[in-house]
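> Chains as they are written, first to last, in the working numbering: chain A, 5 to 316; chain B, 5 to 316; chain C, 5 to 316; chain D, 5 to 316; chain E, 5 to 316; chain F, 5 to 316.
For the record, the hints were derived by calculation from the structure and aren't laboratory data.
Take the hints with a grain of salt, since some may be wrong.
For identical chains, the list gives no copy identity; a pair is met inside one copy or between any two copies.
Unchecked claim - Listed below are the simulated DSS-like cross-link pairs for lysine-lysine, each with C-alpha atoms no more than 30 angstroms apart in a straight line:
hint : residue 1 : residue 2
1    : Lys23     : Lys51
2    : Lys316    : Lys204
3    : Lys204    : Lys294
4    : Lys51     : Lys170
5    : Lys316    : Lys51
6    : Lys294    : Lys316
Bear in mind the structure is a predicted one, so any value in this text is a computation, not a measurement.
Each chain is listed here by its residues.
Number of protein chains: 6
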Amino acid sequence: MNLCDIQTGMNLSGFYLLKQASLRTTAAGKPYLAGLITDRTGTVELKVWDYSGPISHEDEGKIVCFQGRVSEFKGALQVTADRIRLAQDNDNYDLSLLVPTAPLDLQETLRELDTMLECMEDEGYQTVCRQMLRRHQRAFTTIPAAKSVHHGFVHGLLMHTVTMMKTAMFLAAQYGEVLDRDLLLAGTFLHDFAKIHEFKVSQTGLVTDYTTAGQLLGHLVMGAQEVKEVCAACGVSEERAMLLQHMILSHHGQPEFGAAVLPQCAEAELLSYIDLIDSRMEIYREVLDKTEVGAFSDRVFALENKRLFRHK
Amino acid sequence: MNLCDIQTGMNLSGFYLLKQASLRTTAAGKPYLAGLITDRTGTVELKVWDYSGPISHEDEGKIVCFQGRVSEFKGALQVTADRIRLAQDNDNYDLSLLVPTAPLDLQETLRELDTMLECMEDEGYQTVCRQMLRRHQRAFTTIPAAKSVHHGFVHGLLMHTVTMMKTAMFLAAQYGEVLDRDLLLAGTFLHDFAKIHEFKVSQTGLVTDYTTAGQLLGHLVMGAQEVKEVCAACGVSEERAMLLQHMILSHHGQPEFGAAVLPQCAEAELLSYIDLIDSRMEIYREVLDKTEVGAFSDRVFALENKRLFRHK
Amino acid sequence: MNLCDIQTGMNLSGFYLLKQASLRTTAAGKPYLAGLITDRTGTVELKVWDYSGPISHEDEGKIVCFQGRVSEFKGALQVTADRIRLAQDNDNYDLSLLVPTAPLDLQETLRELDTMLECMEDEGYQTVCRQMLRRHQRAFTTIPAAKSVHHGFVHGLLMHTVTMMKTAMFLAAQYGEVLDRDLLLAGTFLHDFAKIHEFKVSQTGLVTDYTTAGQLLGHLVMGAQEVKEVCAACGVSEERAMLLQHMILSHHGQPEFGAAVLPQCAEAELLSYIDLIDSRMEIYREVLDKTEVGAFSDRVFALENKRLFRHK
Amino acid sequence: MNLCDIQTGMNLSGFYLLKQASLRTTAAGKPYLAGLITDRTGTVELKVWDYSGPISHEDEGKIVCFQGRVSEFKGALQVTADRIRLAQDNDNYDLSLLVPTAPLDLQETLRELDTMLECMEDEGYQTVCRQMLRRHQRAFTTIPAAKSVHHGFVHGLLMHTVTMMKTAMFLAAQYGEVLDRDLLLAGTFLHDFAKIHEFKVSQTGLVTDYTTAGQLLGHLVMGAQEVKEVCAACGVSEERAMLLQHMILSHHGQPEFGAAVLPQCAEAELLSYIDLIDSRMEIYREVLDKTEVGAFSDRVFALENKRLFRHK
Amino acid sequence: MNLCDIQTGMNLSGFYLLKQASLRTTAAGKPYLAGLITDRTGTVELKVWDYSGPISHEDEGKIVCFQGRVSEFKGALQVTADRIRLAQDNDNYDLSLLVPTAPLDLQETLRELDTMLECMEDEGYQTVCRQMLRRHQRAFTTIPAAKSVHHGFVHGLLMHTVTMMKTAMFLAAQYGEVLDRDLLLAGTFLHDFAKIHEFKVSQTGLVTDYTTAGQLLGHLVMGAQEVKEVCAACGVSEERAMLLQHMILSHHGQPEFGAAVLPQCAEAELLSYIDLIDSRMEIYREVLDKTEVGAFSDRVFALENKRLFRHK
Amino acid sequence: MNLCDIQTGMNLSGFYLLKQASLRTTAAGKPYLAGLITDRTGTVELKVWDYSGPISHEDEGKIVCFQGRVSEFKGALQVTADRIRLAQDNDNYDLSLLVPTAPLDLQETLRELDTMLECMEDEGYQTVCRQMLRRHQRAFTTIPAAKSVHHGFVHGLLMHTVTMMKTAMFLAAQYGEVLDRDLLLAGTFLHDFAKIHEFKVSQTGLVTDYTTAGQLLGHLVMGAQEVKEVCAACGVSEERAMLLQHMILSHHGQPEFGAAVLPQCAEAELLSYIDLIDSRMEIYREVLDKTEVGAFSDRVFALENKRLFRHK
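This is chain A alone, in the form it adopts within the complex (with noise of 0.2 angstroms):
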């Protein structure tokens, strides 16, 4: 049963998400564990009375199997469990109901990916893409794009990465007479790669904090490093390497949103554009689908604080 459905004195059992855990003590000295279990629909708190373990802290971000009834505590819903324990290998229960998850057709998008490769002219540009690509397919094409505030979910940094793409197709024609093509395009489709290396990524997908080196050198400069790297390696020239490694640095676009260097030709100023628009477009969707039509939406932090209008 989905979360957002379950209702006072209902019984409730299936897999659910473990967000938190904590092993505690009653007044009274009995042991318990308070926590929370969450699915793509909702999220509520867990309570395991007489309970110290195996199951703690240790196993957030994973999966449990729980069986037990719903009640209210100070206005609001909780699930108390009769039985709970770790999801098993040979469990079936389907991970896309727990854990958010792009909206695409996973090899739709990646044939799209394909096309819009091969379609480089420029051998260098492509011969990187492909590169990079055939390095980190996996985990390039599993992530999220962020860890909360837009494409927070299982593909984001595909679906992401693709859309932006498409703009950048299109855009390249329209302004042909300034923009090279294949360096827009190689640009942006590089230009989040290092989130595979920034990102700590749990067992079922989700982003649960950065690494030490995303924190410490960043996603831009990583990224650069990398396909500088890959072009030594594959003879790609330099010139390429150096453009390919500016709009990386640049691509977002002011000092204080964490650009390296500003962007100095065409190419990278449009990508870090395109990188807007595409999350801000993202960033829409997801509030607005929250929000009713003719309302406004709560404040959004990641939209400088502004309340968004839904209209018809």
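On the provided structure of chain A, position chains B, C, D, E and F as indicated by the hints.
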């Protein structure tokens, strides 16, 4: 002869734009005219010795018929007129050689505009756009989009608007889930419309200054007001009128860039980025056109003083 | 009894404003109502046990007739109702004890307003002001000037406007060389007028939220539009209409404080300072009123988080 | 003759202010003096051929007696001296024609000041003000309020201070509930007093530069220090001394405008706005005076580079 | 027993610092005391049932003698007192176990301070420093350097000042060409001196709040004033007094960090960096001390909300 | 003869740096060379009449052998060449008289550098530093540290680096509890290393411009990349490589000053301050050197436009 080709010692005759003019007196007490003449390829200093009129400061921005010689003064070229007079109605010269004009096919662009307006399915939005175009077709399709920063040439506003509408069409399809295509298209069409009221335009079609209302009210507020009136006159719904006004008022994105309100719906947010992209790509086009391959441009004031790189 | 005077164990009955209300269920499955009641002197938690309506969330902002007892829960007072019902039309209670009201003599203030409008020598400016007042007299003289920051009480907008007009009269005389008194006076009278369209006002006269148009267009733009229409309808000159619009559009002084354009004439610049002074002095009045002599207030969000000092 | 009225070919003689002077040598090896002379109406280039002294760079800021002719050089007027000498003590000229002076009646203004000081009911505050005036009457009533931005003329500080005190009187009455009139009045009187220590003032009464202490400590800190000393010397209470210091130290309102601390009581906050109003209205007066009706001024550096509009 | 070591079920007795205290009434109408006790190792909630005094809110910041038990309430530990009383003069406890104290040898630090003052060759600067120390030795060597941000412990100001003076000695030697060592040393010694007037310090030596003068004038201005007075009293030259004042007034570097004037000589500029270094290194010390090796700290408000990394 | 000593009428001959040169034509049609020659003491205008080459614009930045006379033109000195030619390899002149050079003993400085590298106890950090020095010894010890702001002279980068390392040694000892001395020392040594790739350096050793890679990637990113490669090549651990990269990438402290990431460990934070101190003290040295005692300098662009005071 194009002014970019003149050299010391040449004779020069033809029609040029009188950019500056002032009547003065030499140390020896003789009257003369000092000024600048210009065409699309360059600008050069003008001297007319023993001259006390009728051409004067009042004639700046007009076309003159010139005959004289090229010399050098303090390391720079200058031209000395033997004869000079204002162009007459029956003079035969090509204005497009003197005044910068948008690089577009006017009829083709108008057809593209018409097609995009036609494809709107929302009658209300289409009606406002058609009505605004009917009211101001000549001005809208003729004036520049700016005094100098970008699209500062004849038909510049049309070129800017139509290019943006094409991007709007593409992105409305790509992000169909969050965008109302017709609202986006109408807002894009109307966003800079009131520049026809904001600019003073000279005889030759270039912007010479801002009008008083343009300075005191701005094209965002004036544009929203006219759209509101037209909506009321045409029976377009108040909600549509409100949304269109919101898009016009917010299309500069941030208060410090002149937005009267912050964008609060997806179409308004996106419009501000489409505007940014088109103006920035045009600046790149104009600047890189004057930059050698492999070199950096001078600092570009309108792009945060950056120097732009022209790669191969 | 005033809510600031209640103590544990007292009986309490009377009319109060129902600020919040929600119907809930206890752990034992019994329905109850939880909420807040308030008067001008304080706010206290409300509980109605074994209650399932008719009063509910929908009735927030209305007046209730209450009878019950005061107790203490977790260190704070709360009231438990024995009987509770919505106030009826024929109920006899003093709204001004429940809702904060401007500390002014309404008739006297209206007379002062009339005198200042009367003293305008410029017929055009006087006409617009009179016409705007005629259109909206009830709303203009009743609503607060803000949701909470300052003048957030009944008649607040009138108090704010009239006080500012007095300052305008004084400064127009003092700086007569650079100021057109009637323009300054008219601009001051009209500057916040469109708050009557920007706010949602509850039955009791307080602001509960912004209207959709208020949020998407703002009271500056809406005010300028209505003034433009009224000027046209009354035959007031376009220059006057333009200057009044400019004053309304620029009265927040800086873009980051919401000005749609920068003040560009002396009257507009001065209006922004008069507005600043009146709002700031009112914030000081409200904050220092709750601060002991010789002490500092808590941090005041609307005054850049400063703590204010109340000297002897 | 006023310098605004001179024309090529005229003879010119009289007393003028020597604004700049430097002794030079022509290409032919002859010594000459080049400089600028000025009066209240204008400034013109000066040449004295075959001249090697005694007037030199050291005499800038002094008055000279001049006799010569007006000619034109490179499109601008210049004057060539036949005879030139420094003015002597017994020379008879009207300094007020050469140096800009505040547009006020000095005796009347001093009477107004005295009346306002007299009306203070708080003996402590009145004592400090009287004592400061006694110490520095001549300087306080003579110097400009600034080098150039506003009130940059003789008696400028007095004019600025007295006008502000009148506004303070009005607002203290209007906001009597939150303001201590005598504190506001005393703080206003004293706020810029230390400009007498901050400025270097030339023989003719204009500010030529900052003193070293003015630059390193600023008039806010120096003013607060002297007020503290005077309070101690006159037996004024420490709380009064502290509040007056606070007003002086905070009267620039914000740290980025030079405030040493943020205003934290109502009188200090208000003083910063009264100061803003008086300086801004004076800038408008000076700029609009040179602007045609219906036109915009040049950009005004001291008003965030705005262009100001002069309406009818 | 240290509070960091207590566990549910233990008995606890000893002297602790009473951080918070408030007398309350239970739902059942019984009086009790709720509060917090603290030592250098931790803080825990306190309950004293059936207690109505004499200890109350007034005694916060004092030492109490406590005897009772440790229990758990809502997942957190709390202590319940059987007996509690204020510490007496003849009680025997180690204050340094209850209140954080600078990690330094007091006598050794005072000797180092004396040596550095002694090495000044400029008699004037040495005289001021010696005189200031004589006036305020006890306070200067005892109080913290801050309420909480850094050096918020007993002797903190002394530790901060002496460490900075050592750095000043080193840099004065290294940059001897541009620096006057004695001015730098004296300015460093005096820069935060007026914190003795700016802070309210409790019985136990910690900062509890700002004084009114501290809030309204700040330690920069108060420090400069006292140094000026002492210079005058000791016959130190006005230039030295001015330079010392300048260093104190500017040592926060930028107006937005509280500097009353910008640093304008090399010693003042350098002082602001030495201050920055010492305060930042101390924050790192305090934060990293609580961070595991290989991990990042929580966000540190005083360091622009950064998370700090503790490497091996 | 030093250019600071020339006077009208003198003969002048010797070797000078040709700073600017352009071939022009007089009004009379005769060719000439106009330019600037410079030595360490000054700069003067150059004219070579009847000259059409071979020296031209292309030779800017080279040394010329000059023979001619000093005259005065429009109040400024200029030199007219009788003979001029480019310096040859076998010419005998002292380059250090023509080009500004760091005030240091090169051998002594290199010894100091070696000693500090030697004292590192961490083999990994020492290895990277030694290897970087081996790769680039000539460039690193020769080039300036900047184009003009500070240390803009031959050996400037070496001087800047070694001075900073001495400060690092001192502070690593002083704050030993939070600092890893060897990491700080290595980071300091390496922080600006990639300026050897970022600058174009002329024949005479001065910086003339940025390289394309310098402009598009910056010395922070390029430096981090090379250090990463060298670490990998030398078998230095990944954690060391990461920390060194972090220090290089963050050493500008804030994004708006060019930092690619914020400093997040104590050594990185401190490095940014040591860099600030050394660059600022050098600017003071260079500016005060040209300022009279008791006076203020002109505004210094690199120090937020401040005027600096030179006290006794």
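> Determine for every hint whether it applies to the structure shown.
Evaluation of the provided hints:
1. Lys23 x Lys51: within (13 angstroms within a copy, 33 angstroms between copies)
2. Lys316 x Lys204: Answer is between; shortest inter-copy Cα gap is 21 angstroms, intra-copy 40 angstroms.
3. Lys204 x Lys294: both (28 angstroms within a copy, 23 angstroms between copies)
4. Lys51 x Lys170: Neither, since 47 angstroms and 56 angstroms both go past 30 angstroms.
5. Lys316 x Lys51: neither (42 angstroms within a copy, 39 angstroms between copies)
6. Lys294 x Lys316: within (14 angstroms within a copy, 45 angstroms between copies)
Comparing the model with each earlier hint shows violations of hints 4, 5; every other hint is respected.
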